[in-house]
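Take a look at the letters that make up each chain.
Number of protein chains: 2
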Amino acid sequence: MDDRELLKTVMRIVGEENCRDDCAILPCGDQVMVATTDMLHKTTDFVDGMTDWQIGWMSAAVTISDIASMGAAPKYLLIAVGLDRWEQLAGVMQGAKDCCTRFGAQIVGGDIDRHGELTVVTTGLGLTSRRDLARREGAWPGDLVCITGVPGQAQAWLDGYKQFEKALFEPQPRVAEGQALARAGVSAMMDDSDGIALSLYDLMSVNTCGFAIDSAFVPRPDEVPEPQARELALYGGGDYELIFTIAPDRYPVAGVPCTVIGTVTEKRSVLVDGRPMEKRGYQHRW
Amino acid sequence: MDDRELLKTVMRIVGEENCRDDCAILPCGDQVMVATTDMLHKTTDFVDGMTDWQIGWMSAAVTISDIASMGAAPKYLLIAVGLDRWEQLAGVMQGAKDCCTRFGAQIVGGDIDRHGELTVVTTGLGLTSRRDLARREGAWPGDLVCITGVPGQAQAWLDGYKQFEKALFEPQPRVAEGQALARAGVSAMMDDSDGIALSLYDLMSVNTCGFAIDSAFVPRPDEVPEPQARELALYGGGDYELIFTIAPDRYPVAGVPCTVIGTVTEKRSVLVDGRPMEKRGYQHRW
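Protein sequence lines, in the order shown, are assigned to chains A and B.
According to this note's numbering, the stretch in the first sequence is residues 1 to 286, in order.
According to this note's numbering, the stretch in the second sequence is residues 1001 to 1286, in order.
Just so you know, not all the hints are guaranteed correct.
What the hints assert, rightly or not - Mimicking DSS-like on lysine-lysine, the simulated pairs with C-alpha atoms at most 30 Å apart in a straight line are:
no., chain 1, residue 1, chain 2, residue 2
1, A, K42, A, K162
2, B, K1075, A, K75
3, A, K75, B, K1008
4, B, K1267, B, K1008
5, A, K166, A, K75
6, A, K42, B, K1042
7, B, K1042, A, K8
8, A, K166, A, K279
9, A, K42, A, K75
10, B, K1166, B, K1279
11, B, K1267, B, K1042
12, A, K8, A, K279
13, A, K267, A, K8
14, B, K1008, A, K42
15, A, K8, B, K1075
16, A, K42, A, K8
17, B, K1008, B, K1279
It should be emphasised that the hints constitute simulated quantities derived from the structure, not laboratory data.
Let the sequences and hints guide you as you build the complete structure.
As structure tokens, this is what we get:
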């Protein structure tokens, strides 16, 4: 049982339409509010060596990244902290606050609870216009498939390449890039937090097309030898880059460094270097 | 160290103005959005004997109660579920959904995580007008202090009175009452989830006045002997009644059964039967 299978249980109960994007889409006057929640905790998400401040930063960043992937501006964060040691609270809160401040949001509410292990749940609210909202649905055959930054760095740290500590411990959500891409009219967008492969399968599940990428185009973490670098770049999780599709005549987008890694296909499949891409990456398992 | 002391740490970091009400208050077009988050988990909140459905119901209800206490209409719920056994997910989600449906809200997003113990974090969003927003601040000397329903029933179950199972396992937030009270112009309102005593101290902390209540007026759980019934009614937690202050000429409010239990005083103290009320009730401790 993995979390994508469990999501089907959730879909049956709450409705599929509420599980299609990185955020929920809510009317807010003449704007659109996007809302998302993320649960992180010590065993799974906070690796040894992270400071309390970094734990708070990461907890805010993952939620802000979901907002960025919709092309919205992060505005408000609510944070629930379950603590085994109350001494950690100040550091966690300061890290979350600093991440919010960096990306234009503020902490407006929260909850504190005594808990068996450090658990942080952040809920983020963002705003955008209906016109500038990016969604997972909308990819079109012939569109380019692109990614910001260098995927695989967070997983590289986990695999022993300690120069990538900041990538894993202090992720930088692509907030400005997300808004610029949405304004430029990307056809589909999400963040790649579970890795490129699972992200492409997630995109296919809400589109009627497929994807073909060329692994030679995908940027690799520096100083990691092949074939490990290719493996990390395609299947590593824990990054918060944006993966998006865009019509060729809208590319490139001013102010958004990124890389074309493939194209959208009519055929409903995910191919890498002409062969079916393995459907694996970061998943919780029970 | 208890959670009210820890809240001071949070206030220093995120600002006191974000910790004054049951919900954050956010502009949303020409309306007001209220937002709140609550973390519940097995060890502290889900007592033995609760079904998965009841766990989901309770998780949604506590957040919906915070929205009710602001006089707002619950609209959206996000739910993050940390699971040790994935088999519980369907029941929890169904309970949360049924509670949302009962009170006019819908589940719009969430997260699933593997966790050492069942942990549910719900974030609720509600809407109201600026005019009809109720807050903790605003109590005025001479106002009546009132409470809906019968406080102490949830704690009574914990103390062995098993006839109160529904009060603890399936709390019914006072959504319609909260909106009617806000429209009628209550001067201050919150829910009494930590008990009447702590609620009055919380109200005093954001007002310049005090409170004097008469314990003889406070409704008691049925079939519980004195003095235990008085103890439960004043200091028991886990209820989701509304405690509010209102100018005498605005009382009673049509359609809202409630009880006058005291008055707002100029003197900054919380008195019960003419003596200082003990500052105790439901608190997490570290």
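- Taking only the CA atoms, is the gap from K1267(B) to K1042(B) under or equal to 30 Å? violated (41 Å)
- Task: Please work out if K42(A) and K8(A) have their alpha carbons no farther apart than 30 Å.
- Result: Holds, at roughly 26 Å.
- Item | Given pair status - K1008(B), K1267(B), alpha carbons within 30 Å | Between K1267(B) and K1008(B) the Cα gap is close to 24 Å, so the pair holds against 30 Å.
- Query: Taking 30 Å as the top limit, are the C-alpha atoms of K1008(B) and K42(A) close enough?
  - Reply: holds (24 Å)
- Straight-line Cα separation of K8(A) and K279(A) no greater than 30 Å? Holds. K8(A) to K279(A) sits at ~17 Å (cutoff 30 Å).
- Query: Is the Cα-Cα distance between K75(A) and K1008(B) 30 Å or less?
  - Reply: At roughly 23 Å apart (the allowed maximum being 30 Å), K1008(B) and K75(A) satisfy the hint.
- For the pair supplied as a hint, K42(A) and K1042(B), confirm whether the alpha-carbon distance does not exceed 30 Å. holds (17 Å)
- When you check the alpha-carbon spacing of K8(A) and K1075(B), does it fall within 30 Å? Holds, at roughly 23 Å.
- Does the alpha-carbon distance linking K42(A) and K162(A) stay inside the 30 Å limit? At roughly 20 Å apart (the allowed maximum being 30 Å), K162(A) and K42(A) satisfy the hint.
- Message: Tell me if the straight-line CA distance from K1075(B) to K75(A) falls inside 30 Å.
- Response: holds (19 Å)
- Query: Going straight from one Cα to the other, do K1166(B) and K1279(B) come out at no more than 30 Å?
  - Reply: Distance ~27 Å between K1166(B) and K1279(B) Cα, so the pair holds.
- Message: Against the 30 Å threshold, does the CA-CA distance of K42(A) and K75(A) hold or violate the hint?
- Response: Between K42(A) and K75(A) the Cα gap is close to 26 Å, so the pair holds against 30 Å.
The earlier numbered hint that this structure contradicts is number 11, and it is the only one.
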